[in-house]
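Here are the chains, one letter per residue:
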Amino acid sequence: MAAAATSFQQRDGGLSAARFAAVVGPCALFCLAVLLIAPWIGSTGITWRNVLAGVSPDREIFVVARLPRVLFGAVVGGALALAGVLFQAILRNSLADPFTLGISTGSSFGAVVAIWLGLETVVWGVPLISVAAFLGALLTILLVFFIARTRGTLPTFTLLLAGVTLNFIFGALIMFIHYASNISQSYLMTRWMMGGLDTPDMATVLHAAPFVVACFFGLMWMAAQLNPLAAGEDWAAARGVDVQRVKNISYFIGSVLTGAVTAFSGPIGFVGLIVPHTVRLIAGPDHRTLIPASFFLGAAFLVLCDTAARTILAPIEIPVGVITALLGGPFFILLLKRKHGELW
Amino acid sequence: MQARQRAAINKMTPIFHINNLAFRYGSVPVLHGLSSSFAAGEFAAVVGPNGAGKSTLLKIMAGLIRGYSGSVEFCGKPLSALTALDLARRIAFVPQETHMVFPFTVGEIVMMGRLPHRSSALFDSPRDREWTREAMLLTDTAALSSKSFNELSGGERQRVVLASALAQDPEVLLLDEPTVYLDLKHQMQFYDILERLNAERQMTIISVTHDVNLAARYARRMIAMRSGSLVADGSPEEVLTPQHIYDIFEITAAVVRRPDGRGSYIIPTA
Chain A
0 MAAAATSFQQ RDGGLSAARF AAVVGPCALF CLAVLLIAPW IGSTGITWRN
50 VLAGVSPDRE IFVVARLPRV LFGAVVGGAL ALAGVLFQAI LRNSLADPFT
100 LGISTGSSFG AVVAIWLGLE TVVWGVPLIS VAAFLGALLT ILLVFFIART
150 RGTLPTFTLL LAGVTLNFIF GALIMFIHYA SNISQSYLMT RWMMGGLDTP
200 DMATVLHAAP FVVACFFGLM WMAAQLNPLA AGEDWAAARG VDVQRVKNIS
250 YFIGSVLTGA VTAFSGPIGF VGLIVPHTVR LIAGPDHRTL IPASFFLGAA
300 FLVLCDTAAR TILAPIEIPV GVITALLGGP FFILLLKRKH GELW
Chain B
0 MQARQRAAIN KMTPIFHINN LAFRYGSVPV LHGLSSSFAA GEFAAVVGPN
50 GAGKSTLLKI MAGLIRGYSG SVEFCGKPLS ALTALDLARR IAFVPQETHM
100 VFPFTVGEIV MMGRLPHRSS ALFDSPRDRE WTREAMLLTD TAALSSKSFN
150 ELSGGERQRV VLASALAQDP EVLLLDEPTV YLDLKHQMQF YDILERLNAE
200 RQMTIISVTH DVNLAARYAR RMIAMRSGSL VADGSPEEVL TPQHIYDIFE
250 ITAAVVRRPD GRGSYIIPTA
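Going down the list, the protein sequences come from chains A and B. No gaps in the numbering here: position 107 of the first sequence is 106 in numbering that gives the first Met the number 0, and each next residue is one more. No gaps in the numbering here: position 29 of the second sequence is 28 in numbering that gives the first Met the number 0, and each next residue is one more.
It should be emphasised that the hints constitute simulated quantities derived from the structure, not laboratory data. Just so it is clear, the structure is predicted and the values come from calculations on it, not from any experiment. We treat Cβ as the ideally placed atom computed from N, Cα and C, and that holds for glycine. It cannot be assumed that every hint is accurate.
Here are some of the chain B residues that sit facing chain A, going by a computed Cβ distance under 10 Å [stated by the list, open to error]:
id	residue
1	PRO94
2	MET99
3	VAL100
4	PRO102
5	PRO115
6	HIS116
7	ALA120
8	LEU136
9	GLN167
10	TYR245
11	VAL255
Pair by pair, the computed Cβ-Cβ distance ranges are [claimed, not checked]:
id	chain 1	residue 1	chain 2	residue 2	range
12	B	SER26	A	PHE29	54 to 64 Å
13	B	ALA120	A	ASN49	39 to 49 Å
14	B	SER68	A	VAL163	28 to 38 Å
The following block holds chain A by itself, in its conformation from the complex:
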């Protein structure tokens, strides 16, 4: 334990298996604990005896309502935290988040169009609104990429400009459609854009989870190459990193992760910003530990927030985005104050 504590504190060079375990281990265990406990908490009390014995309604509440929701929360939280790490790395800006480049407005645009057209059916287990939201996100991802691309490179500045501009354009289109739709559609639209984890069933979770986990392992393989980008592209290229390739891969993995989960959850803010930041303050910015630690803590953080969102005012549910900001914000300020001076 003492050895683990020292290797956690010491950042005088390389990454050993011991240090990796000391940083990532606790995060993974914490995430596991949250996943094990959260499904038992809620507005209706259930007991594990009844769930295991298959007594109604305890079993249905556990299997149909809470378990998919908790697992989906973990998938969304993990994906948003990963996307946050990637965007911060390639934009070289610790204030970037998964939505900086317009993906939330793009997918909201898709969803708003679908609601406006009354596409409320479910095809092959996937709601058409989610399909439209994902298409909106994909459209944004490709537009930003091709607008920003200059002579085979992806300059940070044009990437940001393209993202911010598309944000405005899609924002205007959303406002127009919102204005043109009736009151019940308008409510649905507003509710979708607040985000939430209340829709998915187990099938959605089982579709999304392998994709997110595959991205996670892919990123682990590339993690070390993201480190020298912190000092600039020449710096990374001089250390043998194929900078354009790493940037392109990071951009697409981060974007598609965000677009895929947002299609089902709607935009949920703050997770992708605060989780990577917190990990950096506690365990340092090495992407080889930052990526896995953010993945597990992002999952745990969103599940915790969602558990709070569905219990605090039960049976009324608060949009989870409200909780991520209200819980995360003050915690983050506290952390900043305590660690001040180490940030920059």
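With the hints as your guide, set chain B onto chain A.
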């Protein structure tokens, strides 16, 4: 003596061979048909005024700028046929200054120099640790290893970046105005390390600078550039004549022998 040395060096295959190199940034021409070669073990300084194309030349040699015309060969192979990884295993690059957007520690930054040599995707090996340890001892940065890079002074930062470059185990060290933001003492300290690397490890060192006096004190070959072309090439004594200095910098200067006999220095007079 000087001529004999040069003749001996010229017999070997040059480590860099540059032929008719031209480059433009968009429509702005930066280098015009430049030719030169560098031998292994040289300590060369590229001097010239701002905008002469020195940094561009150096970045092309480091493989950081592509899309030039003419040919640049590294150890007999065209640079364009080598990947960033091939080059990073043999050439290290030190920029003017380095900003880290995230709070990496000195040890972590030096360890980034091991990237081109790593065998495992995730962990650093004991060999990587040995290399970074040695690079930090050489640059006198070992005591800083767990400090955050952004808390260091300018002189410390440049030594750390040099350590990270040395951890790459390079044959060639390319430096782009590495001491431009350092005070006199730290400039000397930095170049003393380079001098030792060149003498003890036969590392090829090519440094861009507009500080001709510093270049004359340390380099054994001086290349003067102006407006994208070579103006003079030779020992510092050969290059630093009042006429050359006028051609390069458009100033009149007196050239004085250093009292210790190690080259000359210039005093601008008008």
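_Structure versus earlier hints, numbers of those that do not hold, lowest first_ = Hints 8, 10, 11 not satisfied by this model.
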